[in-house]
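*Asks:* These are the residues of each chain, in order.
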Amino acid sequence: MATDPLHKTTAESTAGAGRPAGTVPHQKSGTPIVHFDQVEKRYGDHLVLDKLDFEVKRGEHVTLIGPSGSGKTTILRLLMTLERLSGGVIWVDGEPLSHTRKPDGSLRAATEKELRESRRKIGMVFQQFNLFPNMNVLRNITEAPITVLGVERAEAESRARELLELVGLGDKVNAHPTQLSGGQQQRVAIARALAMRPEILLLDEVTSALDPELVAGVLDLLRQIAHDTDITMLCVTHEMNFARDVSDQVLMFDSGRIVEQGTPEKIFTDPEHKRTREFLNAVL
Amino acid sequence: MSGAKFDWSAAGEVLPMLLRGFEITLLATVLGFLVGAVLGLLIAIARRAPTRFVTAPVRGLMEFIRSTPLLVQLVGAATVFSSVDPLVIGIIVLGIHYATYTSEVYRAGIDGVPKGQWEASRALSLSPVRTWRAVVLPQAVRNVLPALGNYAISMFKETPFLAVITVQEMVFEARKYGADHFAYTEAFTLAGLIFLVASYPTSLLMRKLEKRLGH
Amino acid sequence: MNTFFTAFFDNLPQVLSGLGVTAEATVLGAVIAFALSFVLGLMAGHRNIVVRGVSRTVVEFFRGTSLYVQLFWLYYALPLLTGYQLSALFCGVVAFALNFGAYGSEVVRGGINAVPRAQWEAAVALNLSPYQRMRRVILPQALAQMIPPFTNLLIQLLKATPLLWLISAADLMTVIQQLRDRTGESLIAYVTLLVCYFIIAYILTLLMNLLERSAKARLGQYTGTRGLFRTRSAAGAETVPVVPTGGAS
Chain A
0 MATDPLHKTT
10 AESTAGAGRP
20 AGTVPHQKSG
30 TPIVHFDQVE
40 KRYGDHLVLD
50 KLDFEVKRGE
60 HVTLIGPSGS
70 GKTTILRLLM
80 TLERLSGGVI
90 WVDGEPLSHT
100 RKPDGSLRAA
110 TEKELRESRR
120 KIGMVFQQFN
130 LFPNMNVLRN
140 ITEAPITVLG
150 VERAEAESRA
160 RELLELVGLG
170 DKVNAHPTQL
180 SGGQQQRVAI
190 ARALAMRPEI
200 LLLDEVTSAL
210 DPELVAGVLD
220 LLRQIAHDTD
230 ITMLCVTHEM
240 NFARDVSDQV
250 LMFDSGRIVE
260 QGTPEKIFTD
270 PEHKRTREFL
280 NAVL
Chain B
0 MSGAKFDWSA
10 AGEVLPMLLR
20 GFEITLLATV
30 LGFLVGAVLG
40 LLIAIARRAP
50 TRFVTAPVRG
60 LMEFIRSTPL
70 LVQLVGAATV
80 FSSVDPLVIG
90 IIVLGIHYAT
100 YTSEVYRAGI
110 DGVPKGQWEA
120 SRALSLSPVR
130 TWRAVVLPQA
140 VRNVLPALGN
150 YAISMFKETP
160 FLAVITVQEM
170 VFEARKYGAD
180 HFAYTEAFTL
190 AGLIFLVASY
200 PTSLLMRKLE
210 KRLGH
Chain C
0 MNTFFTAFFD
10 NLPQVLSGLG
20 VTAEATVLGA
30 VIAFALSFVL
40 GLMAGHRNIV
50 VRGVSRTVVE
60 FFRGTSLYVQ
70 LFWLYYALPL
80 LTGYQLSALF
90 CGVVAFALNF
100 GAYGSEVVRG
110 GINAVPRAQW
120 EAAVALNLSP
130 YQRMRRVILP
140 QALAQMIPPF
150 TNLLIQLLKA
160 TPLLWLISAA
170 DLMTVIQQLR
180 DRTGESLIAY
190 VTLLVCYFII
200 AYILTLLMNL
210 LERSAKARLG
220 QYTGTRGLFR
230 TRSAAGAETV
240 PVVPTGGAS
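Chains as they are written, first to last, in numbering that gives the first Met the number 0: chain A, 0 to 283; chain B, 0 to 214; chain C, 0 to 248.
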């Protein structure tokens, strides 16, 4: 247990362990860690997100579902500050994510330096893995902890090895990304994101680019992470069984709006909205 | 005239001479580029010949010409063929040198025509000549125009080399005036600016063309 | 033996010293041009419009005014303005560096732009600073793509070095022409001179191919030995081939 790289402390790890699927442990209540407040995103005339409001509580696992082009991925990209907001504010832990408070209390767009401060809590795993081809597997994982967090190389490497063990790639430490299968690359990408000890992990269709036989392995790994850690997860996926298993809350999107939200039981067994029923009929 | 001053009266005096030389510069560019464009096309077609006895020597010669300095080729040709008009030598050598570049442009352009177009031509039993003229070349031209234009600009800026073999183009005039009046500053500054004024808008035009043709 | 070759071998020390001048101008010019390429190329991608504007102006100026004129300006006109005469070799190196640095900046810009957008995003997601993103993630990948166009520029630079003869630096061309004047063997002299440049160009190409191969191997792209001996694709300085944008990883 002590060498388990996912756990920050033993105390924290036992709190969430062994809870029945679908129930919400008490630590997830309280102030929201993520709060979208009238968030708008447009590309030119095209409105992608329309005055969006929702909250994610600390430790919660939220799945975003809906037809492609409905704005799900944009939400993750906004949270990762890969895109700029067109309107509204995203609050993370009570602080504006891509804004800075002026002395008079009003908000202005954050500078790059301030954005870097905001990003510290957030990590992301991409559909296309996006491993760095100029680094081997180990350096892909240690680079950011060393250069951004200032972790000692030896410490960063030993943690990277632990994380690689966790994702089942303990023997690929010195491999080059191009020598790995898609599934293996995605496991490394997950380890790379975890190495930064994010409080919020964004998963953007992480199995969509994988060959079908590799999907289950990656999903099992994510289930394990969801179960064993207190990391808040926002997940865009087309894997409905996975969504049902890990989510505390499911958000159904259509044309930049949330049409329905609720527990997975509610959404998957008794959806209220017609669009949700149509969507689920099409994908299940 | 030891002064660190730009002498405007000297500039006014040299400008008409430079512009007269510029006519020769333009003439050499246009004719040289015509030679280069036509010869390049012939080389590109020769390099698609079915036998290595044609393609290998053509390739080797091209490699040699484009890896060696234009200036040496010019001076060498002018010395060996000393009875020929230097301007003619200049145009031919520029043309041959740039043909090695343009032939690659054509080659890329021809390779850029989808294979299906050749197959369709065969399916319609077009003759080889007809296939080239009616199907392949018109499409290839669209791929090659911007690149050819850029080489024309490149050649334009290398025409001062002709001054070395006594062609009286712009830089020749600049050197002459500079030496006679000890006014190199004015002569070369103006010559440089004329090059800039002529080449910059042209290269902007090429970039626009490149975008228009969808790259 | 032919009188030219007799003279050639009798005066081998001079020939070698001429070769030395040519090599010095090529290497020094290329090294400074390479550094300048990165300065101007990175400035071209800067967020600040003034920085971008300065880069653009410098690049267009040195691309647009003809190397030949720049060299003559440095050698003949500048001393009249400043009262200070620079050595011919120094003028050559400066002119080559500025001119090819301007062209090289486009190579750097193209190489950086060719790194997939997703790599920037992954670096942002790991909270690397803009400098760290460039230094640790983007440049190492861009460099491999820049080598072939840089090879073209290097050969172009080598081909420009005979200009030194015109400002009386004793380069290879100057020395061989002296031998020609002494022997009167024009054809053989100039063919020999061309062959010398061809050999140097081939050696440089080979070295750059080696460099490219090791850079690509570091990115996990393995190339066979055949590629080593291939020659450059033709390209003048004006049309540095645009590196195709790679797909997502």
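Derived by calculation from the structure, the hints in this document are not laboratory data.
One or more of the hints may lead you astray.
Unchecked claim - Listed next, with one range per pair, are the computed distances between beta-carbon atoms: (1) G44(C) <-> R119(A): 47 to 53 Å; (2) L106(A) <-> V49(C): 24 to 30 Å; (3) N173(A) <-> T56(C): 42 to 48 Å; (4) A216(C) <-> A48(B): 34 to 40 Å.
Stated by the list, open to error - In silico DMTMM-like links for lysine to aspartate or glutamate, alpha-carbon gap of 20 Å or less: (5) K112(A) <-> E120(C); (6) K210(B) <-> E59(C); (7) K120(A) <-> E59(C); (8) K120(A) <-> D103(A); (9) K101(A) <-> E116(A); (10) K101(A) <-> E113(A); (11) K171(A) <-> E198(A); (12) K207(B) <-> E59(C); (13) K175(B) <-> D6(B); (14) K120(A) <-> D229(A); (15) K56(A) <-> E264(A); (16) K56(A) <-> D44(A).
What the hints assert, rightly or not - Some chain A residues near chain C, calculated using beta-carbon distances under 10 Å: (17) H98; (18) R100; (19) K101; (20) I121; (21) A143; (22) L148; (23) V150; (24) R152.
Keep in mind it's a predicted model, so treat the numbers as computed, not measured.
Glycine is no exception: its CB is placed at the ideal position from the N, C-alpha and C atoms.
*Asks:* Evaluate each hint against the coordinates.
*Replies:* Taking the hints in turn, this is what the structure says about them:
1. G44(C) <-> R119(A): 47 to 53 Å: This hint is violated: roughly 26 Å between Cβ atoms.
2. L106(A) <-> V49(C): 24 to 30 Å: At roughly 28 Å between Cβ atoms, V49(C) and L106(A) fall inside 24 to 30 Å, so the hint holds.
3. N173(A) <-> T56(C): 42 to 48 Å: holds, 47 Å
4. A216(C) <-> A48(B): 34 to 40 Å: The hinted range 34 to 40 Å holds for A216(C) and A48(B), with Cβ atoms some 36 Å apart.
5. K112(A) <-> E120(C): holds, 16 Å
6. K210(B) <-> E59(C): holds, 19 Å
7. K120(A) <-> E59(C): violated, 44 Å
8. K120(A) <-> D103(A): violated, 26 Å
9. K101(A) <-> E116(A): Holds: K101(A) and E116(A) sit about 16 Å apart, inside 20 Å.
10. K101(A) <-> E113(A): Between K101(A) and E113(A) the Cα gap is close to 13 Å, so the pair holds against 20 Å.
11. K171(A) <-> E198(A): violated, 27 Å
12. K207(B) <-> E59(C): Satisfied, since the Cα-Cα distance of roughly 16 Å is no more than 20 Å.
13. K175(B) <-> D6(B): With a Cα-Cα distance of about 17 Å, the restraint between K175(B) and D6(B) holds, given a limit of 20 Å.
14. K120(A) <-> D229(A): Between K120(A) and D229(A) the Cα gap is close to 13 Å, so the pair holds against 20 Å.
15. K56(A) <-> E264(A): Roughly 19 Å separates the two Cα atoms, so the pair holds.
16. K56(A) <-> D44(A): violated, 33 Å
17. H98: At 18 Å from the nearest chain C Cβ, H98(A) fails the 10 Å test, so the hint is violated.
18. R100: Status violated, d = 21 Å.
19. K101: violated, 22 Å
20. I121: I121(A) check passes; min Cβ-Cβ to chain C is 8 Å, inside 10 Å.
21. A143: holds, 4 Å
22. L148: holds, 8 Å
23. V150: violated, 13 Å
24. R152: violated, 14 Å
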